[in-house]
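Residue numbers (my numbering), protein chains in the order written: chain A, 1 to 394; chain B, 1 to 394; chain C, 1 to 394.
Note that these hints are calculated values from the structure, not bench results. Take these hints with a grain of salt, some might be off.
In silico DSS-like links for lysine-lysine, alpha-carbon gap of 30 Å or less [to be verified]:
{"#": "1", "chain 1": "C", "residue 1": "K153", "chain 2": "B", "residue 2": "K348"}
{"#": "2", "chain 1": "A", "residue 1": "K259", "chain 2": "A", "residue 2": "K153"}
{"#": "3", "chain 1": "A", "residue 1": "K54", "chain 2": "C", "residue 2": "K390"}
{"#": "4", "chain 1": "A", "residue 1": "K17", "chain 2": "A", "residue 2": "K185"}
{"#": "5", "chain 1": "B", "residue 1": "K153", "chain 2": "A", "residue 2": "K386"}
{"#": "6", "chain 1": "B", "residue 1": "K296", "chain 2": "B", "residue 2": "K204"}
{"#": "7", "chain 1": "A", "residue 1": "K17", "chain 2": "C", "residue 2": "K153"}
{"#": "8", "chain 1": "C", "residue 1": "K390", "chain 2": "A", "residue 2": "K153"}
{"#": "9", "chain 1": "A", "residue 1": "K153", "chain 2": "C", "residue 2": "K246"}
{"#": "10", "chain 1": "A", "residue 1": "K71", "chain 2": "B", "residue 2": "K13"}
{"#": "11", "chain 1": "C", "residue 1": "K356", "chain 2": "C", "residue 2": "K322"}
{"#": "12", "chain 1": "C", "residue 1": "K386", "chain 2": "C", "residue 2": "K13"}
{"#": "13", "chain 1": "A", "residue 1": "K48", "chain 2": "B", "residue 2": "K153"}
{"#": "14", "chain 1": "C", "residue 1": "K390", "chain 2": "A", "residue 2": "K17"}
{"#": "15", "chain 1": "A", "residue 1": "K54", "chain 2": "B", "residue 2": "K71"}
{"#": "16", "chain 1": "B", "residue 1": "K307", "chain 2": "A", "residue 2": "K71"}
{"#": "17", "chain 1": "B", "residue 1": "K348", "chain 2": "A", "residue 2": "K390"}
{"#": "18", "chain 1": "B", "residue 1": "K16", "chain 2": "B", "residue 2": "K259"}
{"#": "19", "chain 1": "A", "residue 1": "K288", "chain 2": "C", "residue 2": "K342"}
{"#": "20", "chain 1": "C", "residue 1": "K325", "chain 2": "A", "residue 2": "K390"}
{"#": "21", "chain 1": "C", "residue 1": "K386", "chain 2": "C", "residue 2": "K204"}
{"#": "22", "chain 1": "C", "residue 1": "K71", "chain 2": "A", "residue 2": "K288"}
{"#": "23", "chain 1": "C", "residue 1": "K153", "chain 2": "B", "residue 2": "K390"}
{"#": "24", "chain 1": "A", "residue 1": "K322", "chain 2": "A", "residue 2": "K71"}
{"#": "25", "chain 1": "A", "residue 1": "K153", "chain 2": "C", "residue 2": "K348"}
{"#": "26", "chain 1": "B", "residue 1": "K13", "chain 2": "A", "residue 2": "K54"}
{"#": "27", "chain 1": "B", "residue 1": "K71", "chain 2": "C", "residue 2": "K153"}
{"#": "28", "chain 1": "A", "residue 1": "K54", "chain 2": "B", "residue 2": "K153"}
{"#": "29", "chain 1": "C", "residue 1": "K204", "chain 2": "B", "residue 2": "K348"}
Model, not experiment: these values are computed from the prediction.
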Amino acid sequence: MAERASVGILISKLPKKNSLFGSDFLQTGEKSIPEIEAVLAAAQILRKLKSEGKNTRLFTSGLAVSWFRDKSTRTRYSFAAAADLLGLSVLDLDEEKTQVAHGETVRETATMLSFLTEVFGIRDDLYLGEGHAFMETVARAVEVGHNEGVLPKRPSVLNLQSDRDHPTQSLSDLAHLTSHFGSLKNLRGKRLVMSWAYSPSYGKPLSVAQGVCGLMTRLGMDVVLAYPDGYGLIPELERQFFKQAKESGGRFSVVHDMKEAFRNADSVYPKSWAPFSVMEEGTRMLRKGDREALVKLEKKGLAMNDKHKDWECTDAMMRSTKGGKALYMHCLPADVSGVSCKEGEVEKSVFERYRKELFLQAGHKPFIIAAMMMLTRFENPAFVLKRTLKGRTF
Amino acid sequence: MAERASVGILISKLPKKNSLFGSDFLQTGEKSIPEIEAVLAAAQILRKLKSEGKNTRLFTSGLAVSWFRDKSTRTRYSFAAAADLLGLSVLDLDEEKTQVAHGETVRETATMLSFLTEVFGIRDDLYLGEGHAFMETVARAVEVGHNEGVLPKRPSVLNLQSDRDHPTQSLSDLAHLTSHFGSLKNLRGKRLVMSWAYSPSYGKPLSVAQGVCGLMTRLGMDVVLAYPDGYGLIPELERQFFKQAKESGGRFSVVHDMKEAFRNADSVYPKSWAPFSVMEEGTRMLRKGDREALVKLEKKGLAMNDKHKDWECTDAMMRSTKGGKALYMHCLPADVSGVSCKEGEVEKSVFERYRKELFLQAGHKPFIIAAMMMLTRFENPAFVLKRTLKGRTF
Amino acid sequence: MAERASVGILISKLPKKNSLFGSDFLQTGEKSIPEIEAVLAAAQILRKLKSEGKNTRLFTSGLAVSWFRDKSTRTRYSFAAAADLLGLSVLDLDEEKTQVAHGETVRETATMLSFLTEVFGIRDDLYLGEGHAFMETVARAVEVGHNEGVLPKRPSVLNLQSDRDHPTQSLSDLAHLTSHFGSLKNLRGKRLVMSWAYSPSYGKPLSVAQGVCGLMTRLGMDVVLAYPDGYGLIPELERQFFKQAKESGGRFSVVHDMKEAFRNADSVYPKSWAPFSVMEEGTRMLRKGDREALVKLEKKGLAMNDKHKDWECTDAMMRSTKGGKALYMHCLPADVSGVSCKEGEVEKSVFERYRKELFLQAGHKPFIIAAMMMLTRFENPAFVLKRTLKGRTF
Chain A
1 MAERASVGIL
11 ISKLPKKNSL
21 FGSDFLQTGE
31 KSIPEIEAVL
41 AAAQILRKLK
51 SEGKNTRLFT
61 SGLAVSWFRD
71 KSTRTRYSFA
81 AAADLLGLSV
91 LDLDEEKTQV
101 AHGETVRETA
111 TMLSFLTEVF
121 GIRDDLYLGE
131 GHAFMETVAR
141 AVEVGHNEGV
151 LPKRPSVLNL
161 QSDRDHPTQS
171 LSDLAHLTSH
181 FGSLKNLRGK
191 RLVMSWAYSP
201 SYGKPLSVAQ
211 GVCGLMTRLG
221 MDVVLAYPDG
231 YGLIPELERQ
241 FFKQAKESGG
251 RFSVVHDMKE
261 AFRNADSVYP
271 KSWAPFSVME
281 EGTRMLRKGD
291 REALVKLEKK
301 GLAMNDKHKD
311 WECTDAMMRS
321 TKGGKALYMH
331 CLPADVSGVS
341 CKEGEVEKSV
351 FERYRKELFL
361 QAGHKPFIIA
371 AMMMLTRFEN
381 PAFVLKRTLK
391 GRTF
Chain B
1 MAERASVGIL
11 ISKLPKKNSL
21 FGSDFLQTGE
31 KSIPEIEAVL
41 AAAQILRKLK
51 SEGKNTRLFT
61 SGLAVSWFRD
71 KSTRTRYSFA
81 AAADLLGLSV
91 LDLDEEKTQV
101 AHGETVRETA
111 TMLSFLTEVF
121 GIRDDLYLGE
131 GHAFMETVAR
141 AVEVGHNEGV
151 LPKRPSVLNL
161 QSDRDHPTQS
171 LSDLAHLTSH
181 FGSLKNLRGK
191 RLVMSWAYSP
201 SYGKPLSVAQ
211 GVCGLMTRLG
221 MDVVLAYPDG
231 YGLIPELERQ
241 FFKQAKESGG
251 RFSVVHDMKE
261 AFRNADSVYP
271 KSWAPFSVME
281 EGTRMLRKGD
291 REALVKLEKK
301 GLAMNDKHKD
311 WECTDAMMRS
321 TKGGKALYMH
331 CLPADVSGVS
341 CKEGEVEKSV
351 FERYRKELFL
361 QAGHKPFIIA
371 AMMMLTRFEN
381 PAFVLKRTLK
391 GRTF
Chain C
1 MAERASVGIL
11 ISKLPKKNSL
21 FGSDFLQTGE
31 KSIPEIEAVL
41 AAAQILRKLK
51 SEGKNTRLFT
61 SGLAVSWFRD
71 KSTRTRYSFA
81 AAADLLGLSV
91 LDLDEEKTQV
101 AHGETVRETA
111 TMLSFLTEVF
121 GIRDDLYLGE
131 GHAFMETVAR
141 AVEVGHNEGV
151 LPKRPSVLNL
161 QSDRDHPTQS
171 LSDLAHLTSH
181 FGSLKNLRGK
191 RLVMSWAYSP
201 SYGKPLSVAQ
211 GVCGLMTRLG
221 MDVVLAYPDG
231 YGLIPELERQ
241 FFKQAKESGG
251 RFSVVHDMKE
261 AFRNADSVYP
271 KSWAPFSVME
281 EGTRMLRKGD
291 REALVKLEKK
301 GLAMNDKHKD
311 WECTDAMMRS
321 TKGGKALYMH
331 CLPADVSGVS
341 CKEGEVEKSV
351 FERYRKELFL
361 QAGHKPFIIA
371 AMMMLTRFEN
381 PAFVLKRTLK
391 GRTF
């Protein structure tokens with residue numbers, strides 16, 4: 001198994017001229033399967049080197065700008081850990097302190113924050129049509145800045161969760177699935193259930209579900225998307241998942257019954273998200289700046305959720321999965337019934353039984369982000385890795 | 001004197017297999033005297049290397065998570081400086097940004113923030129029975145995470161002030177006392193007065209006083225604890241101090257008269273803390289979530305303080321100490337009468353006369369913290385130090 | 001041209017014993033012309049080394065304390081980028097989190113934050129007579145601390161914008177002018193118009209205008225300062241500019257007509273600042289702590305501004321400059337009419353035409369700050385640079 005291969009052999013398998021060099025990482029759908037595999041391989045190498053106490057600070061200097069437009073602990077940590085692992089310093093951009101606005105000013109700000117920046121990590125996931133567009137604006141600004149000769153380097157923009165995709169999550173999930181089922185190839189035909197689940201909290205983004213379906217349907221998996229009526233994902237993306245599954249020799253289906261979905265599953269991923277119609281309304285209100293309407297809308301969303309309290313991942317449902325032992329997945333934090341809330345996404349007994357697996361799943365993220373940084377910033381990462389391992393940092 | 005010894009000789013005196021390796025540092029009482037001495041020695045080595053401009057960035061990568069649940073400038077700085085000195089990157093965990101709650105979620109959060117973390121530095125000192133328990137919860141979580149194979153390394157938890165102890169402060173105080181009186185041995189029999197003092201501000205934790213008494217009674221000092229009736233420390237700890245003094249051949253006494261306490265003292269440490277009964281009530285109110293009652297309680301605490309305005313460290317009182325020149329100590333910031341408040345802990349003339357000494361006392365803290373980091377993280381710190389000094393960082 | 005010279009030759013031109021070593025950088029007026037030139041040269045070297053991917057992390061350890069008493073994105077970024085470039089870790093001092101007060105406490109805090117600190121970068125620009133005085137207090141505190149033997153090193157204080165000067169801005173502007181006009185010598189006799197411009201926002205500091213006039217009048221430029229009646233700079237400084245221009249063989253004039261000022265200009269720098277009388281009143285109110293009066297004063301300032309909406313940098317006015325193609329400058333962010341505000345400092349067409357130039361101007365700042373750090377901290381920067389380039393970091 002690859003886990004046991006020597007690090008030298010693993011490094012030598014990295015592409016000499018890697019096609020991710022100089023690019024952004026906004027959606028996995030924009031990357032080829034070999035590129036996806038290169039990220040997994042690079043993450044594995046970095047994890048191995050770290051566990052052996054090796055110096056992986058490849059950058060002689062440079063900033064990683066952490067631009068969170070929403071609260072975050074886990075991803076903020078993973079981004080900081082990845083930056084540190086490679087020798088970058090993190091600059092946290094706190095919008096409350098900086099007053100960054102939209103339009104012209106974003107272009108300007110992005111350029112001004114790029115003179116010595118290697119990567120931007122951006123989270124912007126609260127409103128449909130906003131986050132991805134914001135990231136593209138930043139990417140365009142630094143592209144123009146570089147082309148005009150203003151920026152010596154063009155930083156890479158990494159999506160740390162948008163309204164459309166959450167690639168650092170879905171790739172961590174993929175690394176976990178690969179490790180659990182033995183190999184990427186072994187995932188073919190495996191049934192993965194991405195299911196909505198009840199939560200008493202409101203407004204969770206759609207991007208985890210979209211990211212997981214978007215990536216796994218390209219890998220020949222049998223992806224089942226389950227949600228109550230009215231909780232669909234972005235329609236254009238759902239259509240894309242059908243197409244991708246067909247092309248990859250996999251399967252994609254949408255069902256509206258959690259229990260049905262779980263039957264015979266190899267892995268289940270029950271997780272709450274906001275109702276699509278409510279998300280759309282919220283975006284319209286945001287654009288009008290109607291804060292009062294947004295508060296009312298939140299109540300409406302919560303009331304909608306309350307009709308679907310039976311969408312909870314229970315022991316009984318887990319027993320209906322393949323052999324009664326499907327891999328339970330979650331991006332964390334989960335709403336655990338009786339623990340973090342009265343009624344939530346998952347029964348305590350299920351959550352506790354899979355606690356170790358959940359941490360293993362989460363533990364991939366810092367390395368996945370570091371891999372993205374390394375591959376988007378170094379044309380020949382194998383060369384730079386070897387040079388650094390020899391103790392040369394210049 | 002040790003200050004003049006070559007760094008090479010100092011390094012060679014560090015334990016080859018140090019027993020602090022892999023442990024937390026929550027209370028000095030859990031550490032043996034040789035371990036306490038190792039921290040002092042390591043701090044001295046790091047200070048010397050720094051003053052000579054040597055590279056002490058021993059870590060090839062890694063995070064130091066700074067988890068402050070209360071405001072802090074000095075300790076936050078010292079923690080950041082210590083991390084930088086050893087080559088760790090700091091991640092500041094701002095609870096307002098992260099919404100960390102108690103119970104299950106703390107365990108989860110701690111694990112999620114540990115994948116590439118070497119140390120947690122935690123301050124949580126506002127409520128009796130809370131801070132130390134919180135740190136133990138974090139320590140248990142990472143222990144379990146490591147044992148289950150989820151965390152490649154088990155980070156060390158360092159107490160940056162809890163409701164029970166403040167080891168980075170008391171060890172800095174000890175380094176200062178050792179330097180002032182010539183050696184650790186010279187402290188035997190010296191009279192140290194840890195005294196309550198009046199302050200117009202409310203709610204200062206008990207941990208500085210507890211930390212100082214807890215450490216110095218183990219070293220054969222003649223520790224006098226002075227406070228007005230109702231301002232006692234945690235009773236269980238006071239009992240422990242009596243026991244320790246007896247075992248170490250020192251002395252511990254409690255008096256309720258500041259003037260009496262100062263007579264013939266070798267060193268005085270006058271500092272305000274909240275009345276114990278008020279602290280206890282506050283904790284009960286916090287648990288009930290009764291914010292209104294807490295505001296009323298604050299007034300009660302301040303009114304109690306107001307009855308003891310004569311507990312001020314004055315020139316007259318300093319004259320009654322041994323030879324009129326006891327070492328005045330404070331953890332800073334002090335409430336200086338007529339400067340930072342109308343009436344406070346200490347007269348301006350006393351404070352000014354000891355300003356230099358106070359800064360020297362404070363200056364130990366970054367090196368004490370760095371020493372704790374080095375000793376809890378490296379099994380053979382002498383080897384790693386020498387390797388790094390030779391310019392090898394891998 | 002110097003841009004093409006090899007880095008080795010550039011480095012060898014740095015002063016062997018540089019007179020900026022150990023000093024602060026609070027006002028350009030306190031520095032000699034050779035010292036100003038050394039900063040420009042050092043910035044150019046660091047930029048070149050960075051563009052070649054060389055290791056410029058000269059510090060083996062150390063903190064750069066970022067002390068912003070006002071909001072900032074660009075300068076905060078530049079300071080962090082400069083620190084990273086040289087191998088320092090940034091500690092952000094958030095006054096909301098730290099409760100730093102004036103007087104004694106500033107002295108104390110500054111000392112307590114200096115034990116392992118190389119540089120303080122301070123922004124404090126909101127009130128006349130406050131910011132510069134604050135920086136001097138910090139500088140005095142660390143000077144005393146070092147002289148008393150409390151601080152092993154005396155950190156350098158860098159002004160990141162005060163009420164009097166903004167040296168990191170004016171030196172970036174100078175680097176830009178030098179690059180644009182070919183050399184420092186070529187600036188002699190060139191007409192630079194520093195003009196007030198209309199803005200719908202209030203309370204911008206005077207320091208950019210003061211910084212630019214203060215520096216450029218010493219270099220033989222023909223500096224024209226233009227503002228509506230009542231918008232003068234600190235009178236003592238204006239008198240100084242006249243004197244400096246005379247001494248340098250340049251020219252300094254004050255006019256009250258923007259159109260007149262622009263005629264035949266080689267470069268124009270139209271930028272808003274608050275009316276002087278309003279600034280003075282605001283400072284008095286601040287000292288009294290009269291927040292209500294400050295709010296009323298803001299309205300008064302805005303009403304004053306509104307009478308001068310014709311002070312806008314238009315295409316028509318740009319046509320009146322030398323050959324119709326003066327270099328348009330701005331420290332950013334600019335109030336662009338119809339973009340970031342209805343009516344502002346500059347027409348959109350002008351701003352867009354110079355967008356690239358504006359970014360080039362801004363791009364100097366991280367390197368100027370890094371140059372200040374390098375020159376104030378290393379006695380022989382050429383030696384340390386060469387040692388680091390050889391891969392020795394100890």
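Hint check results:
With a C-alpha separation of about 27 Å, the suggested pair C:K153 and B:K348 falls inside the 30 Å cut-off, and the hint holds. Annotation: proposed proximity of A:K259 to A:K153 is violated, straight-line Cα distance about 52 Å (limit 30 Å). Taking the CA atoms of A:K54 and C:K390, the gap is near 22 Å; set against the 30 Å cutoff, the hint holds. As the CA atoms of A:K17 and A:K185 are separated by approximately 25 Å, the hinted pair is consistent with the 30 Å bound.
Restraint check: the Cα-Cα separation between B:K153 and A:K386 comes to about 24 Å, which is no more than 30 Å; the hinted pair holds. Note on B:K296 and B:K204: the hinted pairing holds, with a Cα-Cα distance of about 16 Å set against a maximum of 30 Å. For the hint pairing A:K17 with C:K153, the CA-to-CA distance comes to about 47 Å; that exceeds 30 Å, so the pair is violated. A distance of roughly 24 Å separates the Cα atoms of C:K390 and A:K153; the hinted pair therefore holds under the 30 Å criterion.
Straight-line distance between C-alpha atoms of A:K153 and C:K246 comes to about 43 Å, which puts the hinted pair past the 30 Å bound. With a C-alpha separation of about 47 Å, the suggested pair A:K71 and B:K13 falls outside the 30 Å cut-off, and the hint is violated. Restraint check for C:K356 and C:K322: the C-alpha separation of about 20 Å stays at or below 30 Å, so the hint holds. For the hint pairing C:K386 with C:K13, the CA-to-CA distance comes to about 13 Å; that is within 30 Å, so the pair holds.
Our distance criterion of 30 Å between C-alpha atoms is met by A:K48 and B:K153, whose separation comes to about 13 Å. Restraint check for C:K390 and A:K17: satisfied, since their Cα atoms lie roughly 28 Å apart, inside the 30 Å limit. For the given pair, A:K54 sits about 36 Å from B:K71 by alpha-carbon distance, which is inconsistent with the 30 Å threshold. Distance restraint check for B:K307 and A:K71: the Cα-Cα separation of roughly 46 Å exceeds the 30 Å cut-off, and the hinted pair is therefore not satisfied.
Of the supplied pair hints, the one linking B:K348 and A:K390 is violated, its CA atoms being roughly 58 Å apart against a limit of 30 Å. Simply put, B:K16 and B:K259 have alpha-carbon atoms about 47 Å apart, too far for the 30 Å limit, and the pair is violated. The straight-line distance between the Cα atoms of A:K288 and C:K342 is roughly 19 Å, inside the 30 Å bound, and the hint therefore holds. Restraint check for C:K325 and A:K390: not satisfied, since their Cα atoms lie roughly 53 Å apart, outside the 30 Å limit.
For the hint linking C:K386 to C:K204, the alpha-carbon distance of about 42 Å lies beyond 30 Å, and the restraint is violated. This hinted pair checks out: C:K71 and A:K288 have alpha carbons roughly 27 Å apart, not beyond 30 Å. For a cut-off of 30 Å, the pair hint linking C:K153 to B:K390 stands: about 24 Å separates their Cα positions. Taken as a hint, the A:K322 and A:K71 pair is broken in the structure, with Cα atoms around 37 Å apart against an allowance of 30 Å.
Between A:K153 and C:K348 the alpha-carbon distance is near 27 Å, which keeps this suggested pair within the 30 Å criterion. Of the supplied pair hints, the one linking B:K13 and A:K54 holds, its CA atoms being roughly 27 Å apart against a limit of 30 Å. Restraint check for B:K71 and C:K153: the C-alpha separation of about 27 Å stays at or below 30 Å, so the hint holds. For the hint pairing A:K54 with B:K153, the CA-to-CA distance comes to about 14 Å; that is within 30 Å, so the pair holds.
With a C-alpha separation of about 39 Å, the suggested pair C:K204 and B:K348 falls outside the 30 Å cut-off, and the hint is violated.
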